[in-house]
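Once you've looked at the hints, dock chain L against the given chain W.
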Amino acid sequence: MSVSPRVRRQEPELRREDTAIHLEGVTCTYPGAVTPALRGMDLAIRPGEFFSILGPSGSGKTTALRVIAGFERVQAGTVSIGGRVVGTPRRHEPADKRNVGVVFQDYALFPHIDVLGNIAFGLRSAPRDRWGEHVQALVRMAGLEGLEARFPHELSGGQQQRVAVARALAPNPVAILLDEPFSNLDRRLRAQLRREVRALISNIRATAVLVTHDREEALAMADRVAVLSDGRVLQADTPEALYERPATPLVAQMAGPCDLLPGRIAGDRVETEAGAFPCERAMGNPVDGAPVLALVRSHELTLERAGRPGDGGREARVVYHEFGGDSIEYDLRLASGAVLRLRQASDAHFEPGATVRLAVLPGRRVKVFDTSAT
Amino acid sequence: MPITPHAGKRKVSITGLGRVIRAVPRRGGGHAPPPWLAFIGIVTGLAVVLPLLYLIIRTVGAGAEVLDLILRARLLTVLVNTVVFMVVVALGSVVIAVPVAFLTLRTDMPFRRFMAVATLIPLVVPSYVAGYVAVVALGPRGMLQQALEPLGVERLPEIYGLPGAAFVLTFISYPYVLLSVRAALIRMDPAMEEAARALGRNALQTFIGVTLPLLRPAVAAGALLVALYVLSEFGAVSLLRFETFTLAIYVQYESAFNPAAASSLALVLGVMALGIVWVESSTRGRARYYRSSGGVTRPPSLVRLGRWRWPALALVCLPVLIGLVAPIGVLGYWLARGVANGESLDFLGAATRNSLWMAALAGGVTVLLAAPVALLAVRYPSRLSALLERMTYLGFALPGIVVALALVFVGANVAPAVYQTQPLLLFAYVLLFISVGVGALRTSLLQVSPHLEEAARSLGLSSWRAMLRVTLPLVLPGALAGGAMVFLLTMKELPATLILGPAGFDTLATAVWSTVSEAFFARAAVPALLLIVVTGPPTAYLVLREHHRRRADANLPTVEAVP
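Read top to bottom, the protein sequences are chains W and L.
Residue numbering for the first sequence follows my numbering, beginning at 396 and increasing consecutively.
Residue numbering for the second sequence follows my numbering, beginning at 87 and increasing consecutively.
In short, the hints are calculated from the structure, not lab data.
A quick note: this is a predicted structure, and the numbers were derived from the prediction, not measured.
Treat the hints loosely; a few may be bogus.
[What the hints assert, rightly or not] Think about it this way: if two alpha-carbon atoms lie no more than 20 Å apart in a straight line, the pair counts; the simulated SDA-like pairs of lysine to any residue are: (1) W:K492 <-> L:G546; (2) W:K492 <-> W:V480; (3) W:K492 <-> L:R555; (4) W:K492 <-> L:R551.
This is chain L alone, in the form it adopts within the complex:
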């Protein structure tokens, strides 16, 4: 296929949030969309935004009380905790990710190709599973302490609070920085580094003077993504008892029965999340200069590590051991212990069924609702369609607990019939993950040249049949991948499921969390392992697939080879 510039080299952001919709329509674009399509798109956009607006109106409407409530809710402590937490985890992730990226891509380290993939895998571990593992392994009278007891170790450093939470989160979120830095390193034109060498800089000077500055935008983008992830994180902080916004909101809502305080805190958290997204999208404009100017670049020459080859491998193995291998080992140990003690696993059947059912439903419904929005954004670019696309990203930007709380308000005050029912929970999932569906469909649609539909039209097919016979088959793989991603995210989702799930409705995620909260550690091992086994491999596959597509973005063909 002839290679044509890919959709005007649009700006691609890792979060998908900082996209700038270019005002320049393609030739033949800019037409008004069919009314039914615009209607469905607008309804979807409003459905995403209205619950959040409702949360704002109700909270601010409470007036002066709000301030009082917020202050009483220990706002300042929570704020400081959250910000420190965010910064520590983001920095920790950068410190791990940058050397790992460089060692696996640019040196002759042994097994570097294998390690390049392995170092990304820890991101499949759900935070509450990681938190659970930390509690049982590193907590007081935990596995590590017991192992060290013969050596006279009576106490380990405190695992609860900031240190534990930051430790746990860093080792499951550094892969987000790694993905972004790797992509930048791969796309970087080796000619720039070669030029530095030719101008008399040695390898280290080149790395510090040229490579690192070129990587800065990618590092910043990855770090911001981690910050956003940390901000919305609930599972690990709740199990490790570190009071960030999400935990404070949950406590106010569930234990203190103070929904007004919870919603005030949620509002502040929402504003912070949007702030991060805003920073991400406004730095995005400059974040592109690492990209080489199209075409396939030669692979860069590798740095020879000499006798440091094996120590380098050991260093790169460390995050994988801590973030993935050790947790699975610990879970295996607790599984064996549970089986030996004849732990009851009766609750598992229903939880597994619930998880699979809700996730499948969410995957399907989300992609169906995302399709009109993506279609409008790609085929009928306008202010309205850009706005609609942005509206769907809101759900992704906002922490799950904020979205859940908004729906609680809507459910309790506007639609009591759906309050604490599966449909409302499903709606929460759609709201949270519709951006994933829109993003996947958007990417596939962009690769289907409008000329293909026009060719079908000129060969006598009506617009419906052209869509059915040409566009749909080409978009299907992307749509399926998007649906699968939503399925996996839903399987792992915790806070919204906890808050909105009907009474007695357990999923694998809530099963892990509640059994650990009640210190039934052995009982949590099975659902935790099940979650990792079911969601881990496909998540890793989809993330790597997306990663490789982005890498190839510079010379992506207009249409994907399908057969």
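Looking at chain W on its own, in the form it has when it is part of the complex:
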């Protein structure tokens, strides 16, 4: 595992010519805004890849999508689509020349045009009989048969969304960009549509970029995920790598529920308020005694009733528990008053008020981040 004091970026071996979408040092500031929404952003997306951009609100993820689509100009850097430069501070190719499909959060279906007309909207240049078959194929794939003559307001939310996806795919775009496309749907529908949309896009082998703030969505759908913060990419990797090898504390938090405990390095262990645990260095190379953040995830830890000889773990008190079927979530108060939240299998059971001891599962190591490096 590579240990570097710097934030990891996109793998350098991917050349611009081989990418579907390529951003290099892109800076974008909205007119009238003081701080840029993107600051020197690098991104390389492979052809046919389902890529996701994940970040908290205000991290610049929608701006990144708008820059790729051609709705925003860049103040620095280069935007390339299919290996072709389409956006620099001096040259801006408008959206209608880029051949990139966009699915908006509100779908933006044309309310005065029926479903068929919406899907075929981008095909105006081809003769009508030619696109007839193509559009019919899309209608079938999107499961919209029988709805062709309906108007957008006569469709359910899920149907509207499939129309939006089919419309964006119809002109065979170089890539399809999806801006939080599931956020207007209720939870149950969301999971189902996620699969349908994923299948639809994979069938056509289109390159897709999904912008979302929903971790579950990004990790479930994407081949690779870029975690964004403050207009920069913190890490771009497979979902597994983001979870197992987060480059920064923020990436760790974005990749899965966890707690970050302050501690100090002592050899191959980290001393924290919750105890001393075997550790590995995930960011930076902190020396003995250096302050670090220890990444604590439920599945790497176990709880034991206090009083038995432990593995260096200190005591904590259960202050709250929530039964969740196959697991129980505990709130543990540490000596300082800090509260740690842990999910444990429900076979062991601790009542509020019980004193427990934390231990790391055999063979596991807690990841630590050098706080002096950030």
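What follows is chain L alone, placed relative to chain W:
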């Protein structure tokens, strides 16, 4: 369609004047507009403002004379008359509108749905028609007095002057307060009143302690709108010989041939109008708390009137009878009398043609000129576009006679070629009503999400084609409604047409006014009825349509269903 918050819940004002343009641009907004669009917008804005600036410069430029002229023009009397008139009509309108709104919306009064619409209709009666009806019906030796003569009634209370003018104006302008109060009552969350009831207040205590205070901003907004309307009113005060600013200005200009005095008075009147607008927009900020917090609220439970149900209906019928039914009856009577006497109606053909032609022209041109301003305001929000939008509202705020006078000055001194021609009259209409066009287009544009245009762009359409194929079809209904409203307002417009119309150029409005002024009462009945028949139903339709849209504002979908 997914329901998204409507344009950041912007502040909506009834007059459309107190709008606060939020400085926060939407994502993707704040871009510089295309130069040609900005250019057209700026030219339109300047065209609205420059004549008024010219009026100010010429008047103030006259120096010390002005003061003398104003004083000689009996400024103080006129000022007192105008202010008293304004206050009386505004209060009268509130006194009528609040009970009517409550009875038609919150009680089990019979026919309440029908009455809710009927009570709004009197606003379609032009003021000079109402004034004419008052003169012939209530004046000395009028219809009422003649009917009462067998009972020994020799004299009726004086109809000329303040009492008559205030009476007439109140019954055609209370619907403006009613519209605003109704909207507030409908949007009010019944939970607040239910909470008061649950805390032990009875129905009446709840009405006084909770409902009325919650309605206060809406009442104030409606009353201010009425005040503005009264301030610019010319037709009724001139026929009922009550010397407010508008009449004084007209007399100085037309009869006393003293344009300097007229312009001085016009300046004072203009300042007063802008003052009202300023008050309206500065109270607007607090005027929103009656609005329930989004979503569809349950209909409130109705107050049971018991044996007061029918008396309540009678009460609510009263303003409709006085403001609408009686005037139409009187006009019908005079029409019959005119026909019986073989009254000549030769002048009608030309007047009708002129009215329709100028109104159609004004409707079309106004919407075309309003489009760039609305587009700038909605799609390219900036200080400049907000300023331009405000500039177009100036024409709406200022009384017609002030605008007309400003154009007279420009025509006489700068462009003698257009003085007293149809183009200058058309310009006056555009100036007066462009805000209506801007408002209508603005509302429709706000409902077209910028994402729709962006989606069209990403599907390969140039910005022009995206505008043509997506934005235009969606905005068209709003644009047509705006154009229709301008058409109707132009049909009814009186003072500017009187002052700026070419010699011998009559419209239906001026025909009514001049025949009544010359006491040819029977001859005025036909054009007056024609005006009401042609403009009444569509005006009522458009006002109600707008009213329902505003009501639904809280959960207005992003895009309107069109098919």
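Status of each hint after checking the structure:
no.	hint	verdict
1	W:K492 <-> L:G546	holds, 6 Å
2	W:K492 <-> W:V480	holds, 12 Å
3	W:K492 <-> L:R555	holds, 18 Å
4	W:K492 <-> L:R551	holds, 13 Å
The structure fails none of the hints (numbered hints given earlier).
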